[in-house]
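**Q** Given next are the chains, with one letter for each unit.
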Amino acid sequence: MKSTFYAGVAAAALTAGMAQAQELVFTPGEGDFNWDSYNSFADANDYSGQQVTVFGPWLGPDQELVESVLAYFNAATGADVRYTGSDSFEQQIVVDAEAGSAPNVAVFPQPGLAADMASRGFLTPLGEDTGEWVAENYAAGQSWVDLGTYAGPDGNDDLYGFFYKVDVKSLVWYVPENFEDFGYEIPQSMEELKALTDQMVADGETPWCIGLGSGGATGWPATDWVEDLMLRTQEPAVYDAWVANEMPFDDPAVVAAIEEFGYFALNDDYVAGGSDAVASTDFRDSPKGLFSAPPQCMMHRQASFIPAFFPEGTEVGVDVDFFYFPAYEEKDLGSPVLGAGTLWAITNDSPVAHGLIDFLQTPIAHELWMAQQGFLTPHSGVNTELYANAALRGMGEILLGATTFRFDGSDLMPGGVGAGSFWTGMVDYASGAKSAEEVASEIQSSWDALK
Amino acid sequence: MDNIAGKKSSLTWAVHISVALLVLLWLLPTIGLFVSSFRTADQISSTGWWKALFPTEQTLTLRTKTAEAQTQENGVYVIEGNIYEDDPAGEGKGEADITSWGISSRDVSAFAPGDTAELRGGGTLTLEASGAYRMESVEEFSGSRGQRVFVTAEVPPEFTLENYETVLLSGNATDSMAKAFFNTLTVTIPATIIPILIAAFAAYALAWMDFPGRALLIAFVVALLVVPLQLALIPLLKLHLGIGIGKGYLGVWLAHTGFGMPLAVYLLRNYMVGLPRDIIENARVDGATEFQIFVRIILPLSFPALASFAIFQFLWTWNDLLVAIVFLIDATGDTTVMTRQIVELLGTRGGNWEILATAAFVSIAVPLLVFFAMQKYLVRGLLAGSVK
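First to last, the protein sequences are chains A and B. In terms of our numbering, the first sequence is numbered consecutively and its last residue is 451. In terms of our numbering, the second sequence is numbered consecutively and its last residue is 388.
Where hints are given, some of them may not hold.
[Said to hold, decoys possible] Okay, the calculated bits of chain A under chain B, using three or more residues with CB under 8 Å as the criterion:
1. 57 to 64
2. 83 to 93
3. 279 to 289
4. 293 to 307
5. 335 to 345
[What the hints assert, rightly or not] Over 10 Å on every C-beta distance to chain A, these chain B residues come out as not near it, computed from the model:
6. E136
7. F150
8. A205
9. L217
10. A331
Simulated from the structure, these hints should not be mistaken for lab results. Only a predicted model underlies this, so the values are computations on that prediction, with no experimental measurement involved. Where is the CB? At the ideal position from N, CA and C, for every residue including glycine.
Excised from the complex, chain A in its bound form (with noise of 0.2 Å):
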């Protein structure tokens, strides 16, 4: 009895394994993509037999995203492409770094975590062509080198990530029917913003719905509100110095930009269920109050990403639509953008992981996944035709349309700033617990302690 038993799971076990060989989206030869890139790519490199491991964060839906692209990569190359994702990437990709037992490629959602293990050896250095080409066909080219290039163990700087997908977080999404039902205009500066902010307030409407809940990691979307209103209230130069901690965190300038979200967030006026509803929604549940009957706010300021927590048969465009979260008229800093992206390192040198970072820089492997969802590129020569649907298209011209772009600057900061004071400071001021001051001078502190 036992012995049939485990011959049925030997043999289920087996036979799960075999089905893998995935079919591609998008035939070759067909639409408006850049085919050239594809066969040029197929016919200068074969990898057939061998095998490549990519290990990322994206699961469910992003995760057969990523896969058919890699498929493109198998149908050129004949490499056997394995995709793995975990909801703790991070944590995961450390152990298996230190223990030996590294994929070949892994994706990094924060530069910060990519350049420790740059430090500790653990990453193999990408190669000068690989930066001169993404000086040369990114936009704003040398800023992505730079926040892919980091010291090796020994010291020198390097290139060791490679930024494919790119997320902007300087959006504020609203219903334009309930725009259009009060009469209201999308406001081109922050002036106009907080007039319409008051204006709301006025009419008996709530205009923010803001959320800071993210289980282990609550607080992060109030460093997002932060940073943005940095690039708004401060010149560039000014924010990398902070992010690099060579201006102190509890500066006037920070403490203003944090009071700058105080007087959105702090205000029972101005947020749906009250400024102590703030610290505790989840920031997944929290952008569902647009489209509530009747409306619980009008406005929601977050990442490019939101949509996939609209509720069901949301179409972004219609439904729902976004503008760029607008930067003061009177501080002249231009339109500063606030983003993120995931970079690729090898982690476990082999030749098809170099192939694969140079299949990736092939147009069409940014093209495929942008005319399916969810992705943006800087990448100058794709056809931006090919977006899924407008709202992309959309975002992709405020990317490339940034007088000045700057990185997630809590993704740069070390992880127990970054991914632990900073989170919980915003908390604590976001709850009222504590002044912007006190929180400051916190986190400060804190980042004194790693040093």
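Using the hints, position chain B against chain A.
**A** For chain B alone, kept in the frame of chain A given last:
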């Protein structure tokens, strides 16, 4: 008079009530999870599960047909239909009579059924209680989407099997769930049997065999109970990779065995030490070897303890994600387990409560089965031990 032996205490009812309350308290989260597993994500985020059981007054946002559906009647452009049928969000709510409705978010219940509203883009909209509507305009309707209408109605309770379909049947979920199910069994069964085998021998030795340092050894095993397993993850994985086991089933069996061993030895030793000394001494006098005593006498008598530890270990390995991720699941992703499969279903940023609730009930099925099956043996084993 109340104290007469044999008479029921007058407080029996209090005991009964408090037992019932305690059971209800324990069951409440499970019931909530069970109800939630039959609701959609939007329902979960808008109302609590306790409200799902009764009809509630809801304001729905629905849309009429698009401008494409317009016809011309006597020079007037007309769009006709039923608001419940034209919008997928209104599906299944058709029986609910509309109590009030509106077209502006300023006032979502501005009109009563049968009223006629002026549309912002020109024209009128009339909505009946049944959801039937008629839009009229002298000018052509335009726009890619239909008119938005807020409808307030008493909506009957509504449940869906969609979540179970997503977890078990949709797309390649069946294949991957089945694969994960068998992988989990492949992990769990040996990871339950191996520690029991080893721990039973150890427990017998620690309980009934005299050797120097026995007490210290027991103290050491007990002390190991407090060592968190997270401490051993990286060194142990390094060891596995170093000696060539790598990530795989053998590695995860060894890890589960090691992590489960202190508790197993401690539990079994404590039970065995309580067995009557006379039986064992009698056997010794009759010339039984230690091995015969262990197999013929100790093991059958310790069955309840073995069974209860088996249940512990089975549940712990079945629900385990951490050890599986570290020691089993390699970058090819072929050896995924159920817990891991469920995490994947939750998506990159998590928060899909409906999937979480459903997955909980899918994965609970086998442990429940095992528990009820083992319970019979548990009771039999306990009785065999007591009626001597």
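**Q** Hint by hint, note whether the structure agrees.
**A** Right, here's what the structure says about each hint:
1. 57 to 64: Coverage by chain B holds for the region 57 to 64 of chain A (7 residues, Cβ < 8 Å).
2. 83 to 93: Held - the region 83 to 93 of chain A has 7 residues with a Cβ nearer than 8 Å to chain B, which meets the minimum of three.
3. 279 to 289: Check passed, 4 qualifying residues.
4. 293 to 307: n = 4 at 8 Å, threshold three: holds.
5. 335 to 345: Violated: only 0 residues of the region 335 to 345 of chain A have a Cβ under 8 Å from chain B.
6. E136: At roughly 21 Å from the nearest Cβ of chain A, E136(B) sits farther out than 10 Å, so the non-interface label holds.
7. F150: Incorrect as stated: the minimum Cβ-Cβ distance to chain A is 5 Å, not above 10 Å.
8. A205: holds (28 Å)
9. L217: holds (30 Å)
10. A331: It is violated; A331(B) is separated from chain A by about 3 Å at its closest Cβ, not greater than 10 Å.
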